[in-house]
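Undergrad: One line per chain: the protein sequences are A and B, in this order. Here the first sequence stands for residues 21 to 214, where the numbers follow the working numbering. Here the second sequence stands for residues 21 to 214, where the numbers follow the working numbering.
Derived by calculation from the structure, the hints in this document are not laboratory data. These numbers were taken from a predicted model, which means no experiment stands behind them. Honestly, I wouldn't trust all of these hints.
If chains are identical, the list can't say which one is meant, so a pair holds when it fits in one copy or spans any two.
[As the list claims (entries may be wrong)] As a list, the in silico DSSO-like pairs of lysine-lysine whose alpha-carbon atoms are at most 30 Å apart:
hint	residue 1	residue 2
1	K103	K29
2	K103	K27
3	K60	K103
4	K41	K131
5	K29	K41
6	K131	K103
7	K27	K131
8	K131	K29
9	K121	K29
10	K41	K103
11	K121	K131
12	K101	K41
13	K60	K27
14	K131	K101
15	K41	K27
16	K101	K27
17	K121	K103
18	K27	K121
19	K101	K121
Number of protein chains: 2
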Amino acid sequence: MEMLCDKIKEEGTVLSDTVLKVDTFLNHQVDPELMQQIGKEFAARFQEANITKILTIESSGIAPAIMAGLYLGVPVVFARKRKSLTLTEHLFTATVRSFTKGETNDISVSKDFVSSEDTLLIIDDFLAEGQALLGLLDIAAQGGAEVAGAGIVIEKGFQQGGRIIRERGVRVESLARIASLENGTVQFARGVLS
Amino acid sequence: MEMLCDKIKEEGTVLSDTVLKVDTFLNHQVDPELMQQIGKEFAARFQEANITKILTIESSGIAPAIMAGLYLGVPVVFARKRKSLTLTEHLFTATVRSFTKGETNDISVSKDFVSSEDTLLIIDDFLAEGQALLGLLDIAAQGGAEVAGAGIVIEKGFQQGGRIIRERGVRVESLARIASLENGTVQFARGVLS
Numbered sequence: 021m022e023m024l025c026d027k028i029k030e031e032g033t034v035l036s037d038t039v040l041k042v043d044t045f046l047n048h049q050v051d052p053e054l055m056q057q058i059g060k061e062f063a064a065r066f067q068e069a070n071i072t073k074i075l076t077i078e079s080s081g082i083a084p085a086i087m088a089g090l091y092l093g094v095p096v097v098f099a100r101k102r103k104s105l106t107l108t109e110h111l112f113t114a115t116v117r118s119f120t121k122g123e124t125n126d127i128s129v130s131k132d133f134v135s136s137e138d139t140l141l142i143i144d145d146f147l148a149e150g151q152a153l154l155g156l157l158d159i160a161a162q163g164g165a166e167v168a169g170a171g172i173v174i175e176k177g178f179q180q181g182g183r184i185i186r187e188r189g190v191r192v193e194s195l196a197r198i199a200s201l202e203n204g205t206v207q208f209a210r211g212v213l214s
Numbered sequence: 021m022e023m024l025c026d027k028i029k030e031e032g033t034v035l036s037d038t039v040l041k042v043d044t045f046l047n048h049q050v051d052p053e054l055m056q057q058i059g060k061e062f063a064a065r066f067q068e069a070n071i072t073k074i075l076t077i078e079s080s081g082i083a084p085a086i087m088a089g090l091y092l093g094v095p096v097v098f099a100r101k102r103k104s105l106t107l108t109e110h111l112f113t114a115t116v117r118s119f120t121k122g123e124t125n126d127i128s129v130s131k132d133f134v135s136s137e138d139t140l141l142i143i144d145d146f147l148a149e150g151q152a153l154l155g156l157l158d159i160a161a162q163g164g165a166e167v168a169g170a171g172i173v174i175e176k177g178f179q180q181g182g183r184i185i186r187e188r189g190v191r192v193e194s195l196a197r198i199a200s201l202e203n204g205t206v207q208f209a210r211g212v213l214s
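Let's have the full structure, built from the sequences with the hints guiding it.
TA: Right, dumping it as structure tokens:
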């Protein structure tokens, strides 16, 4: 998605060989017009998938998810993150480790909002090691929901998450795929994923 | 805003005389079309205010804020919540107590994203005791930004937040104002606020 790649090139900051900071338009400050275009693109890619609901995770997944939900005409559910959950009654929960932040969170979704009648599109801002996405897939499975695929804003193709998720048979659509952040430079991946 | 009041009447659950649960369309599951209408309404009310940026707080403020940002054509910044901040360099921070959850959080915004060149519209999902809004006003002041006003999705008019914030001279626009949750029933406030 050209508009997104341009934005990454213009405003992204490479903090290390694995960390890309995009907090001027995605993670802290958010560009609503870019989110609108991202939402339209996800909606177009999953138009035929009979999505009934979007599942995402707070906080940076919410903006792209809400725009995708608008153009697909379906509600959005965001999983909540907590250091640890004490009350888990009536919740689907999963444990998610963040490699970047070096912390582990429990994520949860009310049992009211994911069911066997749902075909879910999972949306998140980043796909790196795939832990958040695995947690969301786990929650979808607990609810008996079908997963039509995952829509990712930025995939770090040099980390293993994309491979792990695709090997599980999940369709992953990433709007920008980064091949490398080495030498302080963003290199985008081209061509079709194996 | 009729569409919002109808939704509250249909789907809101009164948990106590002070707590209204709206997690089918605002706080956990989110209705993108309703958020779009809310965003348009905020944009219309603050169209003449020369807003340069929207300031909100994760997570439930993000969806209405991103839609308002879309229709005002300005970026959205969401403050992050943490139990306690250890690294505060390059951050504006404030401490916010939640009466509902009985917990205290530090909220923060990068110094990159609020400045004396900004005229802010602050958006949040609820206004009850006003603590989150006071924290956001504090952050705006630290950055030297002007605040054109606050756009609130649901104001609990029987709690003191609205009065406190208005007494500080801040324009508050609430799309639904609740006068009472007594006897398990939502009573909306009518007429002009003093």
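Undergrad: Now tell me, hint by hint, if it's right for this structure.
TA: Evaluated hints:
1. Taking the shortest alpha-carbon separations for K103 and K29, neither the intra-copy value of 34 Å nor the inter-copy value of 34 Å comes in at or below 30 Å.
2. Proximity of K103 to K27 under the C-alpha cut-off of 30 Å is found in neither arrangement, the shortest distances being 32 Å within a copy and 32 Å between copies.
3. In this homomeric assembly, K60 and K103 never come within 30 Å of each other (Cα to Cα): the closest approach is 33 Å inside a single copy and 35 Å across copies.
4. For the identical chains of this complex, K41 and K131 are inter-copy neighbours only, at 15 Å across copies versus 34 Å inside a copy, given an alpha-carbon limit of 30 Å.
5. In this assembly of identical chains, the alpha carbons of K29 and K41 lie at most 30 Å apart only when taken from the same copy (11 Å versus 42 Å across copies).
6. Within a single copy, K131 and K103 get their C-alpha atoms as close as 20 Å, and across copies as close as 26 Å, so both meet the 30 Å cut-off.
7. For a Cα distance limit of 30 Å, the shortest separation of K27 from K131 across copies, 21 Å, qualifies, whereas the shortest one inside one copy, 37 Å, does not.
8. In the homo-oligomer, the alpha carbons of K131 and K29 lie at most 30 Å apart only across protomers (22 Å), although the nearest pairing inside one protomer, at 40 Å, exceeds that limit.
9. For the homomeric pair K121 and K29, the shortest alpha-carbon distance inside one copy (24 Å) is at most 30 Å, but the shortest distance between copies (41 Å) is not.
10. Taking CA atoms no more than 30 Å apart as the test, K41 paired with K103 passes in both settings, with 23 Å inside one copy and 23 Å between copies.
11. Taking the shortest Cα distances, K121 and K131 sit within 30 Å of each other both inside one copy (28 Å) and across copies (21 Å).
12. Taking identical chains as interchangeable, the C-alpha atoms of K101 and K41 lie at most 30 Å apart whether they share a chain (21 Å) or sit on different chains (19 Å).
13. In this homomeric assembly, K60 and K27 come within 30 Å of each other (Cα to Cα) both inside a single copy, at 17 Å, and across copies, at 26 Å.
14. In this assembly of identical chains, the alpha carbons of K131 and K101 lie at most 30 Å apart whether taken from the same copy (16 Å) or from different copies (25 Å).
15. Proximity of K41 to K27 under the C-alpha cut-off of 30 Å is restricted to the intra-copy arrangement: shortest distance 12 Å within a copy versus 38 Å between copies.
16. When the C-alpha separation of K101 and K27 is checked against a cutoff of 30 Å, the pair qualifies both within a copy, at 28 Å, and between copies, at 26 Å.
17. For the homomeric pair K121 and K103, the shortest alpha-carbon distances inside one copy (13 Å) and between copies (15 Å) are both at most 30 Å.
18. Taking the shortest alpha-carbon separations for K27 and K121, only the intra-copy value of 24 Å comes in at or below 30 Å, while the best inter-copy value is 38 Å.
19. In this assembly of identical chains, the alpha carbons of K101 and K121 lie at most 30 Å apart whether taken from the same copy (14 Å) or from different copies (15 Å).
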